[in-house]
Amino acid sequence: MMELDFSVVLSAEFRSWLIGGLVLSLQLTFITLLLALPLGIAVALMRLSSLAALRWLGFAFVEGIRNIPLLVHMLFWYFGATALLPEAARAWLYEHNAESVCAVIALTFYTAAYMAEDVRSGIRTIPATQTEAARALGLGAAETWRRIVLPQALRASVPPLVSQTVSLWKNTSIATVIGAAELMYQAQRVETASFRGVETFAVATLAYLSVSLIITALSIAYQRRYPVRPA
Amino acid sequence: MIDLLQNYWLYFLLGQYPEGPLGGLTLTILLSVSALLLASPVGLLLGLARVSQHRALRWPVTALIFVVRGSPLLMVIFWAYFFLPSVTGQQTDQFPTMLIALAIFNGAYLAEIVRAGIQALPRGQMESARALGLSYTTAMRRVILPQALRNSLPSLVNQLVTTIKETSLGYIIGLAEVSFIASQINIQVLTMPVQVYGVLALTYFVLCFGLSRIAYALERRLARRPISSGAPV
Amino acid sequence: MAFYKALAVLAAVIGSTLSLPASADQLADIKAKGVLVCGVLGTDEPNSFVDPKTRTLVGYEVDLCNAIAKKVGVTPKIKQLAVAARIPELQQRRIDIIAAALTHTREREAVVDFSLTTFVTGQRVMVRKDSGITQLAQLANHRVVTVKGGTQEPNMRKAVPSVQVVTFETAPQAFVALQQRKAAGFVNDEVSLLDAFGKLGPAQKDYVILEQSLSVEPLALGLRKNEPALKAAVDGTLHELEKSGEAERLFNRWYGPGTKLNFPKRTFRIDTDRI
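Chains A, B and C are the protein sequences, given in the same order.
If you want this note's numbering, it's the position in the first sequence, counting the first as 1, plus 7.
If you want this note's numbering, it's the position in the second sequence, counting the first as 1, plus 88.
If you want this note's numbering, it's the position in the third sequence, counting the first as 1, plus 154.
Everything labelled a hint here was simulated from the structure, so no lab data went into it.
Some hints here could point you the wrong way.
Listed below are several chain B residues computed to face chain A (Cβ distance under 8 Å; list not exhaustive) [what the hints assert, rightly or not]:
no., residue
1, W147
2, P148
3, T150
4, F183
5, Y224
6, T226
7, I260
8, Y285
9, Y292
10, Y304
All values reported here derive from a predicted model rather than from experimental measurement.
Where is the CB? At the ideal position from N, CA and C, for every residue including glycine.
Kindly produce the complete structure, drawing on both the sequences and the hints.
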């Protein structure tokens, strides 16, 4: 068994690389979450719409995105889609962290497709009696959604949505292939420079596990405060 | 576009084979199926260990599953790639490394599905089996597992779909699966990245969507035969 | 019962001795196996690359590996690796020799041994002519791209501290990024840059390779530490190739006049492993 020496990996320079990577991973996660959740809710509503065209569009979005690996999404946006932009837009993008931007775009679409399904199942757990009662009380369609169905549905969707968030956190690691300097990228960099693979990856694994744990703990605390009340 | 397809279809499908190791779409499919075949017994054993009475079995397995599920797949692949050989004393190439990483990763997920399936059955099943004189193992084998796993066929097909998508990460350790080959083609051709990655995306879509439709059909067929709910027959 | 226990103990003892790492004579192991495994990049023309017509791995380093295997009397097996995996693969015993554009550096001497220097090159930067960059120093605060896991990134940062470096899994992938204007410069060793430049064809007029070198890179084959017999065999083969003129012929075959790179002549000899 080789001798482990964590001091090398945790030395000032390498530590700053790893921390920088961790920070970017967290930023990618947070920004994606802000964008993907509304998009996911919108797509879920589309899938439950009375208009067949919207339903089909929602279905196409979800199935089209979920059946393609995240790696391919990332490569497509970074190496493919950017080639289609007009010259000026491209130049601007490259000056402003193209790697992170493309990673966020790929992650947003990918995560939204999964979240849409979770929200849709959440909505379906709300019995029709809720909608019926609301309409009987004179509430319009939009108000019924906004005040009665969606709030309950979202609360019911919290457990799977939290699970998606943990997946999202782990999925940020794939951004390394398009050069985004997140935690996995920096771990590879530290490993190259220090020749200390075990220690580097142990530290990075610990970081991933810790944040997964924190997200799950936060969700348990949230569910204690706002339990899912059966209808 | 036609030129692109005509020039590279063989490389896309087979990689360097037979002038070199197998690659491309064939390798992706081979790797996915093998990984799932390997992950199933692993998942079953881990799932059984998770519901076991013996703490010495339950705790380490629970810890292992926790670490594996909490880590990104890419991390599990790196661990397998860099350190499997020193642990097992064997040399391992990219394909076996990817196979083992996927088997462990998917095994951990399947273990939870098995555990949930077992724990969803009413306790009456195990109790009556034991009351009839069956040992724990026989009860598991002949009463509990068949029921717990019957409904898992659609889940298994869905897991295959997930595994197919996971094989794309072989790109990062240089395994010549279909995403790596597509990138190589893009590097050679250079002027058609949207088309190259578009074809790659379409390939995965056709494969995965097709399989998930099969899983959906299976699910509907099985729904007609519900699991025993414990109510008197 | 006791019999089975004894059998189990015996099996464990035999099993543990069989799985002990082989004693430190890798050359003898190679001869016993009959195979010499060389790790190459496969994406680094003309050192090692996939010939699109035959779909086989060919190149300068592939030929060196074949020559060594022939001398030792075994079959060569060429294995493709990622840049960052070169040293780990050697250390984990998955390959016998690194023939993957490995730069001989003092830091690396702590973990691997090097053969005689097989090639001398330097790292340089390719830029687009319309960026107006003519000197290394002008890359300050700009983005450059390169491959993960090599010495390109540290060398670039040493030369121009304020530069932003973005790395990709393979060098050609990074080159695509330059062509898509994702960065101002592409860092790689001189030979790979000239090869990439050659591939541009008519687009060559838009690019230029900056004069200044980031570093001098002596490339050599990588060997596991403490394997004197293997090192002697490898160095011996290289000496013979040099003496017989075969080494120069190999150079001309892949780098010389008439090839894509078109070097007029070789400026080094394969005769030393000192840096």
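Hints, verified against the model:
At a threshold of 8 Å, the smallest CB-CB gap from W147 of chain B to chain A is about 17 Å, leaving the interface hint violated. Checking P148 of chain B against chain A: minimum C-beta separation of about 16 Å lies over 8 Å; hint violated. Hint status for T150 of chain B relative to chain A: violated, with the closest Cβ pair at about 14 Å, above 8 Å. Because the beta carbon of F183 of chain B sits about 18 Å from the nearest beta carbon in chain A, more than 8 Å, this interface hint is broken.
Hint status for Y224 of chain B: violated, given a least beta-carbon distance of 32 Å to chain A, over 8 Å. A cut of 8 Å between beta carbons decides the hint on T226 of chain B: the least distance to chain A is about 36 Å, and the hint is violated. Because the smallest distance between the Cβ of I260 of chain B and any Cβ of chain A comes to about 6 Å, under 8 Å, the interface hint for this residue holds. A least Cβ separation of about 4 Å between Y285 of chain B and chain A falls short of the 8 Å threshold, and the interface hint therefore holds.
Because the smallest distance between the Cβ of Y292 of chain B and any Cβ of chain A comes to about 5 Å, under 8 Å, the interface hint for this residue holds. The interface hint given for Y304 of chain B is violated, since its Cβ lies 11 Å from the closest Cβ of chain A, which is over the 8 Å cut-off.
Hint compliance for this structure: hints 1, 2, 3, 4, 5, 6 and 10 are not met, and every other hint is.
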